[in-house]
Every structure is written in structure tokens, then in C-alpha cells.
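Asks: Letter by letter, the chains look like this.
Protein chains: 2
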Amino acid sequence: MAYELYYWPTIPGRGEFVRLALEEAGADYIDVARQPRGMDALMKLMDEVEQPPFAAPFLKDGDTIIGQMAAILLYLGARHGLAPKDPAGGLWTHQIQLTIADIVAEAHDTHHPIGIGLYYEDQKEEALRRSAEYRKERIPKFFDWFETIIARNPSGSGYLVGRSLTYADLSLFQVVEGLLYAFPKATKRVLKQTPKVAALHEAVARRPRIKAYLESPRRIPFNEDGIFRRYPELDG
Amino acid sequence: MAYELYYWPTIPGRGEFVRLALEEAGADYIDVARQPRGMDALMKLMDEVEQPPFAAPFLKDGDTIIGQMAAILLYLGARHGLAPKDPAGGLWTHQIQLTIADIVAEAHDTHHPIGIGLYYEDQKEEALRRSAEYRKERIPKFFDWFETIIARNPSGSGYLVGRSLTYADLSLFQVVEGLLYAFPKATKRVLKQTPKVAALHEAVARRPRIKAYLESPRRIPFNEDGIFRRYPELDG
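If you're matching them up, the sequences are chains A and B in order.
Its first residue numbered 2, the first sequence is counted upward by one per residue in this note's numbering.
Its first residue numbered 2, the second sequence is counted upward by one per residue in this note's numbering.
No lab work stands behind these hints: they were computed from the structure.
Pairs involving identical chains hold if they fit within one copy or between any two copies, as the list cannot separate such chains.
Cut-off 27 Å, straight-line C-alpha distance, at most; resulting in silico cross-link-like pairs (DSSO-like, lysine-lysine):
1. K142 <-> K186
2. K137 <-> K45
3. K45 <-> K197
4. K142 <-> K125
5. K189 <-> K137
6. K142 <-> K45
7. K137 <-> K197
8. K125 <-> K137
9. K142 <-> K197
10. K186 <-> K125
11. K86 <-> K197
Okay, chain A solo, but in the shape it has when bound:
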């Protein structure tokens, strides 16, 4: 039975981290909200089930419904060889993913520092201040950490964990993509200082299934309704 992925149909957002894992795994899945009446199905499911997710994305696998991007990837990683099989390696991969979730949440807050209920235009001054710290302090701090992890990976594979690709690598690829979209100048500067992160980003883009996916209509382009938005004034 195909997985059902539920996420807002017009933005890559947090759903994209799940899509990348499904695509790399070659898994059958239905992107429900992009089908006719799919948004009705999404809202209905959130309202009615015994274990309702707090927010999209969520994944339905038969009777199991899983919300929270990192929890979905924990689930998929174990099933599709996208995480180490040993518990310690699995937990380490998940820990990295949770830190990726943090840099993603902070990326969203660069354009919405005051609240998600307000338009960007109503918090633009604050967004300028928050983005400056994000560009100068936060992106380098996170990227230095990713660089260190790749460098200390005893296998020397160039991946974050172990000898082969994990969902955390796919997610880091998406973070780099998103930041290159939102903050191209700042991100290119940081990538020069973190060549292992840059190389990992390029290696993921070359993987056959990922490459085919990125060129397909299934890949939703970044845009100014999503998490990673291009407001040139915020790139400093």
C-alpha cells in the first residue's frame, strides 16, 4: 500500500524533507493534498483521528499516522535503509535531524520574528534585525557543526553518519538548497568555509533518484509562502 503524505500543496516547507526521503527510497506515495479534494482530506484527518497530528506534514502508513518531520523520518529511515540499523547509530542520525529541524525553524523566524499570524510586511523591520543575526551567527554555527560531524565521521565517507547516505544527509541538502534560495550571498560565503557540507550538498544532488526528482513536477519550487523565502533585503 502506498504511503500517504499530507502537506500544504503549494510550498516545499517541512513536507519536502519527507518527500526527499520517499523519493530516495523509491517508495510509492501519494502527495494527498495535491490531489483533487486533497485539502479536504487533510483537514478531515487532522480533525477526526484518535491521534491527531498538531500540524502538517504527517504521513499515513495504513492505520499509522505520524506527525512531526523528524518523527516521520525516524520511521521511514528504519524501513528504507536511510539510517543505521544499530540503535546508537539510529539515535545519532535522529539527533542530527532534530538539530536540522532547529535551523529550519529559525529560518522561518527570520521573516516572521513577531508571529505567524502577521504578514511579513507588518514585521519587516524586526525581520531585518533577526536575519542579520541568523546570517552572521546562526548559519555559521550550525554549518560549523555539520562540517565537524562529517570530518569526525570515522568512515570518512563524506556523509554525516556512517558509510552511506541517511535521511539526515537528504535533509541537510534541503537546508542548503533553502538557504541558497533565501540568503544566497550569506550562504555562499559560509559554504566556502564548510567545504564538506558543500560537497555533501553536491553529492546528494547527483544521486540518480534525487536528480530525477528535482527535475520533475513533483518538486515544488521555493516561493514566498514557504519557510525559505527570498526577500533580498534580508540577505544583507
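Based on these hints, arrange chain B on the given structure of chain A.
Replies: Relative to chain A, chain B alone:
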């Protein structure tokens, strides 16, 4: 061998969610950074290990080091009967915990909407605006979700998951504690609308090990260096 918990020694912060699980489990643990030269040990470990956590808290169990609050609780829950043993129940508990991590992160942003590198006083106007949305929109939205989950728990136990207490219940207790400290007026109003959350909070406080812990010097009081801060102007 005792667990070693590493967290900043003067605030409850995210470390407190781990402490509550360790205390309820009756586990032996050393709160490393509160020991002599403990902060040196914390910094050294973050700098030197093969799998360095991005930030505190982290837990050391023999050779295993785990960062990220939710990942630590996933690990401890399985070992100490603080989560269901079946995979679906364990994942559901973890999903709730990740959503609790989100409301905690947003609580921090109420007093630091522009950036963690600046003092509160340098972002007070922005904090007033962000807190208003947090009080009026976000706390009710999260608490309604918790209320729904408790209500839909088929066991009718009053807990979030299944028939018995999980680490998610302990964490929700801590969120209510923190919000009652930071936003007493707003939080009391919301708790009147979410009686099951209020009852769970009280039930956790009455558990013998938790009660003894809360009265002990091991419990660090909330203060204005932590995540939950009392700035009366933000309580509206």
C-alpha cells in the same frame, strides 16, 4: 553506572525535562555541570567527542552521548517504562514530545524574538508584540491539542498516551509550570478552558518522586536567565 546529565547549572531550561524523567524513574544520575569543575567537563565534552551534541542538554550513558531533549527522552523512556513498549505507541509519545519542544522553543522566542545574541532590553518592544500572539493564539492552540489528545486517549486514563504516565506527561507538566511562571494570568485563563491538562498537571505534581524532587534543592527555580521568564509586561 550513573547517567551523566550535562546542562547549564543555573536554569531549569531544557535540562529540566530530562531531570523530571530521571527523577520519576528513580535513576541514578550526576548533574555534571553543578559539580565542581563541571562546566569544564561540559565544554570539553562538546569540543572533543566524535559525535558532539550541538547544544546542551545532553546525556552520557557509558560511551553513548545523546543530545536534543526529545532524543534523550526517547532513549530514557524506552529504558525506564516511561513510554509504551510497542513501536506505534513509542512513536506517538515521541511525536507529542516534539510538539512540546515546539511550544518550549516559542516560549523562549517571546522574550528573544530578534535573537539570542541580544539582551531582552534590546528587543523589548518586539517581545511585547510576539508575546501577545503567543498568549492569545499559540498557548491556546497547543493546549487545545493536548486537551484533545487526553480526551481521545481510549484508556480514559487522564494521561496523554495509554494507561500510565509517560515522559510526555512529565514534559507537559513542566510546560504548564513554566507558563504559569512566565504568563500567570494568560495561562490560568487557558487552563480553565483545558481542564484535562490542568488535572494532568496536578496529578504529576502529586506523584511521590516528583513531589520529593520539587521540594529538593535539585530543582532549580525558574529565573530570568532561562526559557520561561517572568517579565510582567509580557503577560498583558
